[in-house]
Every structure is written in structure tokens, then in C-alpha cells.
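Q: The chain contents come next:
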Amino acid sequence: MIEVNGLTVRFAGVTPLDDVSVVFPGGTCGLIGPNGAGKTTFFNVLSGFVRPAKGAVRGFGDDLLAMADYRRARWGLRRTFQTEMAIEKLSVYDNVAMIHEHSGAKRSSRRADVLDAIAFVGLETPPKAKVGGLGARERRLVEVARAVVGSPRVVLLDEPAAGLPDEQTEQLAQVIQKIPEQFGALVILVDHDMTLVSACCQTTAVLDFGKLIASGPTADVLRNEHVIRAYLGTEEEL
Amino acid sequence: MRAVLRVERGTIVRGVVIVGVLAVALFGVPYVAGADWITTSTSIAIYTVAALGFGILYGRAGMISLGQVALLTIGCWIGTRLSYATSLPFPVLLLAAGGITCAIGVLVGLPALRLSGLYLALVTLMFAGATTIVLSVNDFPNGGGGFSGRSATGALATSTPPVRRPSWAIADVAFYRYTVIVCAILFLLALLHVAGKPGRAWASIRESEPAALAAGVNITLYKLWAFALASFVTGVAGCLLAAQVGVPRAITFQTQDSLTLAATALIGGIFSLWGALVAGVFQQAIPFLFQAQWGINPNFVLIIFGAGLLQVLLTAPGGLADQLPKDLARLGRLVASRVREQADAEKKAP
Chain A
0 MIEVNGLTVR
10 FAGVTPLDDV
20 SVVFPGGTCG
30 LIGPNGAGKT
40 TFFNVLSGFV
50 RPAKGAVRGF
60 GDDLLAMADY
70 RRARWGLRRT
80 FQTEMAIEKL
90 SVYDNVAMIH
100 EHSGAKRSSR
110 RADVLDAIAF
120 VGLETPPKAK
130 VGGLGARERR
140 LVEVARAVVG
150 SPRVVLLDEP
160 AAGLPDEQTE
170 QLAQVIQKIP
180 EQFGALVILV
190 DHDMTLVSAC
200 CQTTAVLDFG
210 KLIASGPTAD
220 VLRNEHVIRA
230 YLGTEEEL
Chain B
0 MRAVLRVERG
10 TIVRGVVIVG
20 VLAVALFGVP
30 YVAGADWITT
40 STSIAIYTVA
50 ALGFGILYGR
60 AGMISLGQVA
70 LLTIGCWIGT
80 RLSYATSLPF
90 PVLLLAAGGI
100 TCAIGVLVGL
110 PALRLSGLYL
120 ALVTLMFAGA
130 TTIVLSVNDF
140 PNGGGGFSGR
150 SATGALATST
160 PPVRRPSWAI
170 ADVAFYRYTV
180 IVCAILFLLA
190 LLHVAGKPGR
200 AWASIRESEP
210 AALAAGVNIT
220 LYKLWAFALA
230 SFVTGVAGCL
240 LAAQVGVPRA
250 ITFQTQDSLT
260 LAATALIGGI
270 FSLWGALVAG
280 VFQQAIPFLF
290 QAQWGINPNF
300 VLIIFGAGLL
310 QVLLTAPGGL
320 ADQLPKDLAR
330 LGRLVASRVR
340 EQADAEKKAP
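Those sequence lines, one after another, are chains A and B. Just so we're aligned, residue 0 is where the first sequence starts under numbering that gives the first Met the number 0, counting upward by one. Just so we're aligned, residue 0 is where the second sequence starts under numbering that gives the first Met the number 0, counting upward by one.
Hints listed in this document are in silico derivations from the structure and should not be mistaken for laboratory results. Be careful, since some hints might not be right.
[As the list claims (entries may be wrong)] Simulated restraints on C-beta separations: (1) B:E208 / A:G134: 21 to 29 Å; (2) B:E345 / A:L114: 26 to 34 Å; (3) A:R50 / B:P316: 32 to 40 Å; (4) B:A194 / A:D219: 49 to 57 Å; (5) A:G134 / B:Q310: 27 to 35 Å; (6) A:K127 / B:P90: 34 to 42 Å.
[Stated by the list, open to error] Subject to a maximum C-alpha distance of 25 Å in a straight line, what follows is the list of computed PhoX-like cross-link-like pairs (lysine-lysine): (7) A:K105 / B:K196; (8) A:K88 / A:K127; (9) A:K129 / A:K88; (10) B:K196 / A:K129; (11) A:K127 / B:K196; (12) A:K53 / A:K210; (13) A:K129 / B:K347; (14) A:K88 / B:K325; (15) A:K105 / A:K177; (16) A:K127 / B:K346; (17) B:K346 / A:K88; (18) A:K105 / A:K127.
Heads up, the beta-carbon is just placed ideally off N, CA and C, and yes, glycines get one too.
Turn these sequences into a full structure, and let the hints guide you.
A: Set out below in C-alpha cells:
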């Protein structure tokens, strides 16, 4: 469970997150909102790239903001980025193994854990293949494998399906859905693809201009009139 | 048990090539080379290590340092001073020079925690320039004894004793072999790093620092580690250089050498350890060929390096170490297909 309390982030003149209080109970949670709503800023606060002006974030009872940024991975925080960031020069195996190495997980189980994660995401390429030679879909899968290896507690996925065709997005959705039960991790999914969000997420929170405007069971949230007006409504106006 | 015996083809090929190159370097070169080529070959071996340091920093961790020859000079200077001041055995001298250069290299690397790209390149180049100035002001040993190595008269005394070599490698050929073996050990040290946890952490830093942070990589630690390793191997190589030339003089070390080293390292290829070998040959053998063998002004070498660098940056970012095997394979296929055509044609002809 992740509890966010009064989280406020200010950049010069802009307030990307304004007094946000929300609870991500577990399973797969969606985080949606129009462009510039503060979703990625929220992830950056969790990763430690952005220091909030005030507020608190507790993950399973631990004060996340008190931890040094690079130590959060060892605590169990994983994330992917909007632009895919698998390491081109390394093999698929090494890409996943390097996360395991810094996660504090046991060295003796490294090979098995890494191969498990690669099998879990359904990657058919040989583990020795260099990521530089892979296509968009495989790279996204490598990223997800990196996010689930080494006993994660919280997995942040930032638009994991960006740029993928519908059919591949569906396959990715199936993988994401299985993360909580397979690895016992809480998943927070940011995406603009409502099909993906409703397929994966039991609960969803909605941000608009840095403010939380709704949260709760995904189906209810997507019917909420504030949400429709703020987010989905923009399409109707066009 | 079958799994234990199963070794991949690539690993076997690589092993055979490594043993082959070492055998040629240790036994082939001394057999055919004259005295001048032995000296040049020793320099080649030493500069491959300097290029290796550049490759670790830029090719692996993505930090461009133009001060690598300055670190080689510092290793050389420390080796020389320690040789005069102490009676330490040569291997200890090597380790001490490596260790002290390592400490200085880490200090030089501190700006890398805040700067990158062009700015880091400039700062390290300034460091190289400053090193040249400090050394020419203080001069290399000019005949005095002790750690300072200075005599009051200031003029280079003819009695300046050369930096000692290991007792069983006094002769040039023996010292050349000694150098090759030490350099091979340094390459092995680099290989162990690159293929292990540090190498993977460096690759992730090179790809994206935010992603590396999110992966739990302590960026400060691994960046300084890269500088420490690169400086250590370069410092050891510098000490070898001191013993090779005997009486090093400040004038032999120019700031521009750091630039040509960067150029040759890029031509050789910074993503492969083989690239460092190519770089060492380019850096030392080509100027020697131009000047001593063909009597051409060695400054023309700069034009060749410039053209080579342009070609690499435009068409082969992996450098010669990456391109040559590909080209050889292509040539092999071409020859094979020609031979087949020829055979077919002969079959058809009665």
C-alpha cells in the first residue's frame, strides 16, 4: 500500500502537484489524467528525482522520501520511463541482471531469477541477444522484465505501451495484470490508453492540473462526470 | 556434466585469437624485429593501456576524458621519483605508481559528477595542459639523487642514472616481454570489470543517468570507480614507460598527445578492448614509420588521424575493432563465391 499525503511540488511558477492525497491500496492501480496533469512528476517524486515542497509518501509503512534516490531500488521500487530505456549495449540477460545486482537479492539465485523474469514477460529472443538489435515491442518487454526482477514491492509503469500497436498492447496488458499475484508487487500504471487501464487496473486515480479529482474502483472513476469533463471530454469538444 | 563441457563457439574463437596475439607479441615480434622496432613495440604495448583507460571512461561509462596521456605522464613521473628515492623492487614500483596515479585520477574525475560531454572534455584537457606545465617547470630528473632528482646546477648531468628495470628484464627484448605480460594482466583486469557488475552499471549510466538511478546504481561510486580503474592501469603503464626510456624528460610529453590518443582510441574502437590494441599501434607505430623509416615529417600523422577519425565517426562508430571482423567476413564470402563461380564454370567447360 502506498499512502500519499498532501503532496505538493512547485517548480518556478508552476505547481505540477497541488496538495495531492491518495491511497494506492494494492494490485494494479491506474493513474490517469490529461497531458501535464502531474503523473510523471508524481513518479519522479517516488524515484527521488524531484524533491516535493511538502507532503509525505509512505510505502508499506516506510517513509519513501527519506531514502536516498539510488537506495529506493534496493527497498523494492522499480520503474519504467515514457521513452524506453533498456540498455542497448548490453544483452537482454545483462539488462535484467544489472537490476538484480543492485536490488539486494541473493546472488546465488540470480541466474534463475533473471531467466524467470524474461520468461514471465514472454520474450522469445535468446537472453544473449544485444538489446540494440531488438524491436520496440521486445525492448518494452525487456523493460518490464527489469521492473519485476529481484523482489519488487512497487512497480511504476510510465506509458509502457506507448508506440505499440493494439494487438501488442493487449499482450502487454496480460503481462501487467499478472505482476501483482506473481511477484506480490503493487503496480501503478500511467497510460493514456483507456482500454489498457480498464483491462489492468482495479482502482484508478485521476489527476488534472496537479489536483486529484477522483479515485476509486476503475469502472466508477471512468463514469465520474468530473473525469469525463476534464479528461475524456476534451475529445468531445474537438 | 555435458553442460559444463559445452563452451560456445564465440568464446573459443576469442580465446584462440587472444592466445595467438599474445604468442605473436611474446615470441614472433622479438624474432623478427630489430632493436628500434623492439623499442617501438614496447611503446605500443604501453599506449594500448592508455587507450584502454580512455575506452573504459568513454566507451563504457560515457565520460570523455582528454587527460589520459597526462595520467600516463604522471605515472611515469611517480615511477621515476620512486625509483630514485627508494630501492623498492620493480613490481612494487608499478603498483605504487598505479595506486598514486589512481588517487590523482579520482580527483580529476570529481568534476565528472557534475559535468559531462564537452565541459568534462575541456576540464580534463585543461588538466593535461596543467600537468605539462608543472612538469616542465619542475623538470624530470636532471642528475640529482633522492626523491627530487634535482641537482643544484640544473643542467642535465651525463651521469643521470636510468630508472631501474626488473633484474631479470634489463635487456630491451626481455623488458619488452615483461611489458607485454604486465599490459596483458592490466587488460585482464579491465575485462573482469567490464564483464561484471561494474561494466553493467557503467553501461546503464552511459545509456541514461535517471534510469541508472532508478535501477539502484550509485552513480557517484561507479563514475569514480571508472576513473580509478582507468587511472590505475594508466599509472602502471606510465611506470613501465619510465623504465623503458630510462631518463624521461618533460619535453617528450605534450598536451596534444592526449588528443591524438583520444583520436586513435576512437579509430580503434572504444566499445571493444581490441580497439585499444589498434589505438596503441596507430599512436606509436605510424609516427615511428613516418619519422624513422620513411623520413616524413611526423606532423603529417595528424592529418591521417584526422581523416581516420572522420571516416570512423561517419561510417563505423564501432571503430576498426568492430569494422575489421565484419569486413574480413564480407571479403571471405566474396572470395568463396568467386571460387564457387570459377569451379562451376570449369565444370561446365568440357
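Q: Each hint: holds or not?
A: Evaluation of the provided hints:
One distance hint, 21 to 29 Å for the beta-carbon pair E208 of chain B and G134 of chain A, holds here, with the actual separation near 25 Å. With their beta carbons about 52 Å apart, E345 of chain B and L114 of chain A fall outside the hinted range of 26 to 34 Å. A hinted range of 32 to 40 Å holds for the C-beta pair R50 of chain A and P316 of chain B, which are about 37 Å apart. Checked against the hint of 49 to 57 Å, the C-beta distance between A194 of chain B and D219 of chain A comes to roughly 52 Å, which is consistent with it.
Distance hint check: the CB atoms of G134 of chain A and Q310 of chain B are about 30 Å apart, consistent with the given range 27 to 35 Å. The supplied range of 34 to 42 Å is met by K127 of chain A and P90 of chain B, whose beta-carbon atoms lie about 38 Å from each other. For a cut-off of 25 Å, the pair hint linking K105 of chain A to K196 of chain B stands: about 14 Å separates their Cα positions. Straight-line distance between C-alpha atoms of K88 of chain A and K127 of chain A comes to about 12 Å, which keeps the hinted pair within the 25 Å bound.
Only pairs whose Cα atoms come within 25 Å are accepted, and K129 of chain A paired with K88 of chain A is accepted, the gap being roughly 6 Å. Between K196 of chain B and K129 of chain A the CA atoms are separated by roughly 17 Å; this keeps the pair inside 25 Å, and the hint holds. About 16 Å separates the Cα atoms of K127 of chain A and K196 of chain B, which keeps this hinted pair within 25 Å; it holds. Under the criterion of a C-alpha separation no larger than 25 Å, the hint pairing K53 of chain A with K210 of chain A is consistent with the structure, at around 14 Å.
Taking the CA atoms of K129 of chain A and K347 of chain B, the gap is about 45 Å. The hint is violated against a cut of 25 Å. Simply put, K88 of chain A and K325 of chain B have alpha-carbon atoms about 18 Å apart, close enough for the 25 Å limit, and the pair holds. With a CA separation close to 23 Å, the supplied pair K105 of chain A and K177 of chain A stays within the 25 Å bound. Using a Cα cut-off of 25 Å, the hinted pair K127 of chain A and K346 of chain B is violated, with the two alpha carbons roughly 43 Å apart.
For the proposed pair K346 of chain B and K88 of chain A, the alpha carbon gap of about 48 Å is over 25 Å, so the pair is violated. Among the hinted pairs, K105 of chain A with K127 of chain A is consistent with the structure: their alpha-carbon atoms are about 22 Å apart, no more than 25 Å.
The earlier numbered hints that this structure contradicts are 2, 13, 16, 17.
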